[in-house]
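> Protein chains in written order, with this note's numbering: chain Z, 1 to 189; chain L, 1 to 189; chain W, 1 to 189; chain X, 1 to 189.
No lab work stands behind these hints, which were simulated from the structure alone.
Hints may contain errors.
[Said to hold, decoys possible] Partial chain X-side listing against chain W, Cβ under 10 Å, derived: (1) 33; (2) 60; (3) 65; (4) 68; (5) 69; (6) 132.
[What the hints assert, rightly or not] The following residues of chain X were derived to be distant from chain W, with all beta-carbon distances above 10 Å: (7) 27; (8) 34; (9) 36; (10) 98; (11) 142; (12) 147; (13) 153; (14) 160; (15) 164.
By construction, the Cβ of each residue, glycine as well, lies at the ideal position given by its N, Cα and C atoms.
There are 4 protein chains.
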Amino acid sequence: MTDTAEFPPDDDPGRDGGPAGWLTPEDLAAARAQLPLVYVDAVPVRVDESGDVVAVGLLLRATPLGSMTRALVTGRVLYHERVRDALLRHIEKDLGPVALPQVPASPQPFTIAEYFPTPGITPFHDPRQHAISLAYVVPVAGDCRPQHNALDLAWLTPEEACSDTVQAEMVNGQGTLVRQAMAHVGRLD
Amino acid sequence: MTDTAEFPPDDDPGRDGGPAGWLTPEDLAAARAQLPLVYVDAVPVRVDESGDVVAVGLLLRATPLGSMTRALVTGRVLYHERVRDALLRHIEKDLGPVALPQVPASPQPFTIAEYFPTPGITPFHDPRQHAISLAYVVPVAGDCRPQHNALDLAWLTPEEACSDTVQAEMVNGQGTLVRQAMAHVGRLD
Amino acid sequence: MTDTAEFPPDDDPGRDGGPAGWLTPEDLAAARAQLPLVYVDAVPVRVDESGDVVAVGLLLRATPLGSMTRALVTGRVLYHERVRDALLRHIEKDLGPVALPQVPASPQPFTIAEYFPTPGITPFHDPRQHAISLAYVVPVAGDCRPQHNALDLAWLTPEEACSDTVQAEMVNGQGTLVRQAMAHVGRLD
Amino acid sequence: MTDTAEFPPDDDPGRDGGPAGWLTPEDLAAARAQLPLVYVDAVPVRVDESGDVVAVGLLLRATPLGSMTRALVTGRVLYHERVRDALLRHIEKDLGPVALPQVPASPQPFTIAEYFPTPGITPFHDPRQHAISLAYVVPVAGDCRPQHNALDLAWLTPEEACSDTVQAEMVNGQGTLVRQAMAHVGRLD
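Use the sequences and the hints to build the structure in full.
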């Protein structure tokens, strides 16, 4: 959730005029105030040949105030878009076109992250909106290059990604989501 | 999805004037044409003392044309509502106030059912909208009485619920969802 | 795994002469040296009316050296025993006959804990054997009383159960398993 | 389970003299009569670029009586072997060394198949033993060639794999397991 919270999202087609059927900025703002929106969160990972997770990819972004945050790949599911296509689109948006993601065969997410505009109801918070996010661990086999508003993509070990230092650099509960993902893949420290 | 497709949904607060912050019918109609909506599907089951599913509860409804359909408990997640509270609300709406549902401890659904307005993209279809539904199996321990527009609630064995006869009485892919649920609990015939 | 590692397990029928078909102590010892054994781990929890986990039950045990450890409900799956019956049997063994456990409807565990006799291969370790454990979160609604070799059963909040203090009181990786369970139910701190 | 039920399994190191620590045929036979054994079942699938399952790989085998059966990749987890390494080993054994399997990052299986020596307790049956099998869907990206006692490997669409004709060619409940897998990946017909 951090990307669009802190930067004008150039990935959201409705914002700058997309195909017919997408929302105008005003319509999206109105909907955001009254409906939960559907999001996906992807935790990009490197796996070894036995499928074991060896690294987690976190995007590095600058906030308007100049501090740094780390973030997952995240974004909205569009009207008439399949969840797996939304995952692919946001991974390509953030990691580039040759990341070679292996989107899971099953639509079953490892968890549902409920981002509330009010802090404290769940570990997840999004000041802009109520977002219900389907969270997946996605192995990427190719070359990843941060796109758009990300300064860098860092590959951390599961232990590093769960460390206090890195957790302190994540906002809106995404640190918790990373640890939930590492728990799911058996790599919670 | 069948309930609100075929009957004016008296459970949808926006339709007949709900608390502030809920959508007017016009707003909801506009959003439905442009955003995927978040739903929950609950498969109500009876379990024995070892947790094994022994029966599936299906609602019986009459269509405007007079035919009968069977349906799951389903409905929209409202703004600022937790998924588990939406599950509870829709189960109470359809099964009554003393059904004693055991909402799963984990938010991980057994699948995501993507209901598209266009048939054939997934097994799920909703002519009104694009709905992304989080699907859960929910044991109910109490007394269940169909409410509102349901004529009856029938408890079927897993085998009966997956039979061709019963499957033919379900619409919009909910028969598939029942069989996915039975596969998940190890009771697919 | 801690129970039988540190105490003669009076719950293991083969040890003190069980029904025909169960292993003698010598046979079980031989098998333990050559085959992975099937275990279940149950994380007993209290849930509120919406299914949200509010407390985790941990058994308090004394080691032969007089220190205290906290442990989950755990034990072997017997020949010709269903996994859900093994869960029930071990929960009754450790929490007493009126714990009223709600064994999950689905056989899908939240994780597989692989306890190796060699430390460091996974987070889980069992010096006696290679145990492959199917791990489940099990809500219990009734009155729980520690049985046999447990001194006490303590109900902790998810935050307390994941705290450094409590984690330090768990052995063989069960602290990690508790945190994996809390991650799965959305209550990882 | 069908492979070793019907043919001397040349993949089981204990049978023909493996590394120290593995069981002799007599020991394995004794253990099989008294302990549940740990197995893995892999459902090999082809996925498209969005991760959607487009084909299921089934092995074709001849029974001693000359009829044909279709089977999944299956086999025992050895002492001190990780579940993911057992999956890799059995996939390589059955599909050859360049199948390029993508073993799931998470150890969470989509189901547990409990094969009992007594038919009818679960949908799964193994006349030789009580086997508790962790079941995974495994995408394979490479060239697959049936090995050992398999005559052929056929790629079927999910619909074909769930059809009555193909289901009738599977034994011991593996047809049910295929349909459970297709339900899990959202491709149950």
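> At 10 Å, judged by beta carbons, does residue 98 (chain X) keep clear of chain W as stated?
27 Å, holds
> Confirm or reject: residue 160 (chain X) is not an interface residue toward chain W, with every Cβ-Cβ distance exceeding 10 Å.
26 Å, holds
> When you look at the beta carbon of residue 147 (chain X), is every beta carbon of chain W farther off than 10 Å?
24 Å, holds
> Taking C-beta pairs only, is residue 164 (chain X) more than 10 Å away from all of chain W?
Given that every Cβ of chain W is farther than 10 Å from that of residue 164 (chain X), nearest at about 25 Å, it holds.
> Quick check on the hint: residue 65 (chain X) CB to chain W CB, less than 10 Å?
Cβ of residue 65 (chain X) sits 28 Å from chain W, so the hint is violated.
> Just want to verify: residue 36 (chain X) was marked as not at the interface with chain W; is every Cβ pair farther apart than 10 Å?
Per Cβ check, residue 36 (chain X) is inside 10 Å of chain W; nearest 5 Å; violated.
> Would you settle whether the hint for residue 132 (chain X) is holds or violated, based on the nearest Cβ-Cβ distance to chain W being less than 10 Å?
5 Å, holds
> Per the stated criterion, does the least C-beta distance between residue 27 (chain X) and chain W lie above 10 Å, as a non-interface residue requires?
7 Å, violated
> For residue 153 (chain X), which was marked as not at the interface, is the minimum beta-carbon distance to chain W over 10 Å?
27 Å, holds
> At 10 Å, judged by beta carbons, does residue 34 (chain X) keep clear of chain W as stated?
Violated, because the least Cβ-Cβ distance between residue 34 (chain X) and chain W comes to about 5 Å, which does not exceed 10 Å.
> Min Cβ distance, residue 69 (chain X) to chain W: is it shorter than 10 Å?
25 Å, violated
> Does the interface hint hold: is residue 68 (chain X) within less than 10 Å of chain W, judged Cβ to Cβ?
30 Å, violated
Going down the numbered hints, you'll see the structure goes against 2, 3, 4, 5, 7, 8, 9, while the others check out.
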